[in-house]
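Novice: If you read the protein sequences in the order shown, they are chains R and P.
Just so it is clear: in the first sequence, position 234 is 234 by my numbering, and no numbers are missing.
Just so it is clear: in the second sequence, position 33 is 1033 by my numbering, and no numbers are missing.
No lab work stands behind these hints, which were simulated from the structure alone.
All C-beta atoms in this analysis are idealised placements derived from N, C-alpha and C, irrespective of residue type, glycine included.
Incorrect hints may have been included.
Heads up, incomplete: computed chain R residues facing chain P, CB under 8 Å, no partners named [claimed, not checked]:
id, residue
1, Y147
2, L206
3, E325
From the structure, some residues in chain R lie toward chain P, with a derived Cβ separation under 8 Å [unchecked claim]:
id, residue
4, H64
5, R138
6, Y286
Number of protein chains: 2
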Amino acid sequence: MNQVIELIQADVKKPKPKASELGFGKYFTDHMFVLDYEKEKGWHSPRIAPYQPLTLDPSALVFHYGQSVFEGLKAYRTEDGRVLLFRPEKNVQRLNNTCKRMCIPPLDEELVLEGLQQLIEIEKDWVPDQEGTSLYIRPFIIATEPYLGVRPSNSYKFLIILSPVGAYYAGQLSPVKIYVENDYVRAIKGGVGHVKTSGNYAASLLAQKKAEELGYDQVLWLDGRERKYVEEVGSMNIFFKINGEVFTPKLNGSILSGITRDSVIELLKDWGVTVREERIAIEDIYTAYTKGELEEVFGTGTAAVISPVGELNWNNHKMIVNNFETGEFSLKLYHAITNIQYGKAHDKFGWTVEIK
Amino acid sequence: MNQVIELIQADVKKPKPKASELGFGKYFTDHMFVLDYEKEKGWHSPRIAPYQPLTLDPSALVFHYGQSVFEGLKAYRTEDGRVLLFRPEKNVQRLNNTCKRMCIPPLDEELVLEGLQQLIEIEKDWVPDQEGTSLYIRPFIIATEPYLGVRPSNSYKFLIILSPVGAYYAGQLSPVKIYVENDYVRAIKGGVGHVKTSGNYAASLLAQKKAEELGYDQVLWLDGRERKYVEEVGSMNIFFKINGEVFTPKLNGSILSGITRDSVIELLKDWGVTVREERIAIEDIYTAYTKGELEEVFGTGTAAVISPVGELNWNNHKMIVNNFETGEFSLKLYHAITNIQYGKAHDKFGWTVEIK
Ligand SMILES: Cc1ncc(COP(=O)(O)O)c(C=O)c1O
Ligand SMILES: Cc1ncc(COP(=O)(O)O)c(C=O)c1O
Chain R
1 MNQVIELIQA
11 DVKKPKPKAS
21 ELGFGKYFTD
31 HMFVLDYEKE
41 KGWHSPRIAP
51 YQPLTLDPSA
61 LVFHYGQSVF
71 EGLKAYRTED
81 GRVLLFRPEK
91 NVQRLNNTCK
101 RMCIPPLDEE
111 LVLEGLQQLI
121 EIEKDWVPDQ
131 EGTSLYIRPF
141 IIATEPYLGV
151 RPSNSYKFLI
161 ILSPVGAYYA
171 GQLSPVKIYV
181 ENDYVRAIKG
191 GVGHVKTSGN
201 YAASLLAQKK
211 AEELGYDQVL
221 WLDGRERKYV
231 EEVGSMNIFF
241 KINGEVFTPK
251 LNGSILSGIT
261 RDSVIELLKD
271 WGVTVREERI
281 AIEDIYTAYT
291 KGELEEVFGT
301 GTAAVISPVG
311 ELNWNNHKMI
321 VNNFETGEFS
331 LKLYHAITNI
341 QYGKAHDKFG
351 WTVEIK
Chain P
1001 MNQVIELIQA
1011 DVKKPKPKAS
1021 ELGFGKYFTD
1031 HMFVLDYEKE
1041 KGWHSPRIAP
1051 YQPLTLDPSA
1061 LVFHYGQSVF
1071 EGLKAYRTED
1081 GRVLLFRPEK
1091 NVQRLNNTCK
1101 RMCIPPLDEE
1111 LVLEGLQQLI
1121 EIEKDWVPDQ
1131 EGTSLYIRPF
1141 IIATEPYLGV
1151 RPSNSYKFLI
1161 ILSPVGAYYA
1171 GQLSPVKIYV
1181 ENDYVRAIKG
1191 GVGHVKTSGN
1201 YAASLLAQKK
1211 AEELGYDQVL
1221 WLDGRERKYV
1231 EEVGSMNIFF
1241 KINGEVFTPK
1251 LNGSILSGIT
1261 RDSVIELLKD
1271 WGVTVREERI
1281 AIEDIYTAYT
1291 KGELEEVFGT
1301 GTAAVISPVG
1311 ELNWNNHKMI
1321 VNNFETGEFS
1331 LKLYHAITNI
1341 QYGKAHDKFG
1351 WTVEIK
């Protein structure tokens, strides 16, 4: 990193929404971080600029061929007023990994981390302080070249925008109902399911809609090849506790390598729990259920941290997990991670980064 | 259709590029057709407006979750100066089909066809008249709501932009070299490969790059499940002539239902040729090749109409087709279709629509 980040202050500052009004992804702060790419110049002109609309030609490649990628992480306010990031270098690495698959030139990871930190420093007052709230951070890249041929763009924009978000849980962790999807497929090995590119999410909308119409909160995807093996939930990885051991699908080339997933695995191992990253047949989950051995199911992701699963519906086999109550591991993991994120517990893994 | 299309004339008209400079998708005309959608109002405010940049919030859903879809067709200049469209109603139907899969509210097909025709009427002078040139038409929809949650957008923009394009072939049809891709996958049944959504194209870039690095023009995709069955080429469907019969992959839920494909099938049938829409194993193509029965291979799509294939490389088995020369059917189909498109032959199928 040897580029200087320019700062262009916003003239007018927006009023900050009340904690009770936050919700998710509706409000945006006063500034954003921007980097431009042109083929001849590489990534250039790092700057923090007023949050403002983007002006793009109608033929900009992003609108037509979906060359866009993103990340999602959060900044947390501690009780003594500091601001912490959780493993941000992992997100930046994953972003570059995604870029590679999507033919987007890689970013200088150090510069992005520096830009991210400077941006949050400037927007520090936007990090809410009510229990469970946070500042959601959305880095993303879009292809900007005005051209209609199918090929990688010659110009891109990288942005980081920030949105204060409300607590995911009102009080206790509330279990969700999950529909195991048999027809629609999210991704397949050889495709792009293991990276964070926009098209994966558009492709998931119809199945999510179907699940909601059937009274479920989210979809659990099965593998695209045989519809036999468990993949992941909408924006979460999935874990099963069976007979005291914990199972999660291994990174097989079609699921996202979640940072919460990684943290959960590290924590469980640290606690002496066996974690098996394997290919998991949904049939085996059902068998464990019928034998009374399916003790807990939970999703992991930046948004909810841990999302206990109360019901799994697979082919109309309804599996009620742990009496539709939050399990012991779900709760313990949730507190362990959020206590580190909010600076309430000792960060023995060195996961947090404090904003100066 | 009961909405009036408003016309807002451009103040300044751009100079028109020379036929020799056209290329593909680089120049855009003076006007575009626009429709807006809001949840409360439906699709509204149809208008022809000056071609101009779009202004979108950085959080607009299209940038993050890829909810965008498109179509591609052309307007052709006849020798006596008229302008013809080729089966435009098929593109509008396919667009609505794509919308359904991608959770985008359907369009009024009549209104879109009317808007398309009025737009081209106004831009008539932009339809080039040199042999093989045409006016490329790009209808597309983007999700515009500023929001970071993963769900269908509550607002969209539909646009039609126009780009004069050069002749695909300089003179004769030139055969292409095709790399049969074994690792990367484009689509799978249950996914979105059968519709024209942006993410499919972003997902294809890396394999295309690999093929080019290996000295090939384009990729032939195999099925995502077993990598055994032929699917389609980058932006083309594929046909094989074996022992006098013509084979093409059936519409299996992961390939696009090409309008050129459909026209080719209708023409061949009209000529008394047997066309088999089947599941086609690449192994069987190779067997036919070794027996000397693989007589012709060609791609079909709006851009090239017919693209003869001179070489297929499957696992380093190089199949040289028809001596790397354009085959009889390729040539005959190319002329039959382009003669209808350019008004040189009687349109017995009623495929063309003349712009008033
Ligand atoms: C498809 C998908 N899987 C899993 C996750 C969980 O990843 P993380 O724990 O890094 O938030 C996300 C969210 O980022 C996701 O979009
Ligand atoms: C993936 C794909 N397959 C096939 C085609 C050919 O379709 P059409 O003949 O309608 O142009 C296209 C181009 O539109 C395409 O993008």
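Novice: State for each hint whether it applies.
Specialist: Against the structure, the hints:
Of the supplied interface hints, the one on R:Y147 holds, with its beta-carbon coming within about 6 Å of a beta-carbon of chain P, less than 8 Å. The restraint placing R:L206 at the interface with chain P holds, with a minimum CB-CB distance near 6 Å, inside the 8 Å limit. Interface restraint check for R:E325: the shortest CB-CB distance to chain P comes to about 27 Å, outside 8 Å, so the restraint is violated. This hint holds: R:H64 has a C-beta 6 Å from the nearest C-beta of chain P, less than the 8 Å allowed.
Of the supplied interface hints, the one on R:R138 holds, with its beta-carbon coming within about 6 Å of a beta-carbon of chain P, less than 8 Å. A hinted interface residue such as R:Y286 counts as satisfied when its beta carbon comes closer than 8 Å to some beta carbon of chain P; here the least separation is about 21 Å, so the hint is violated.
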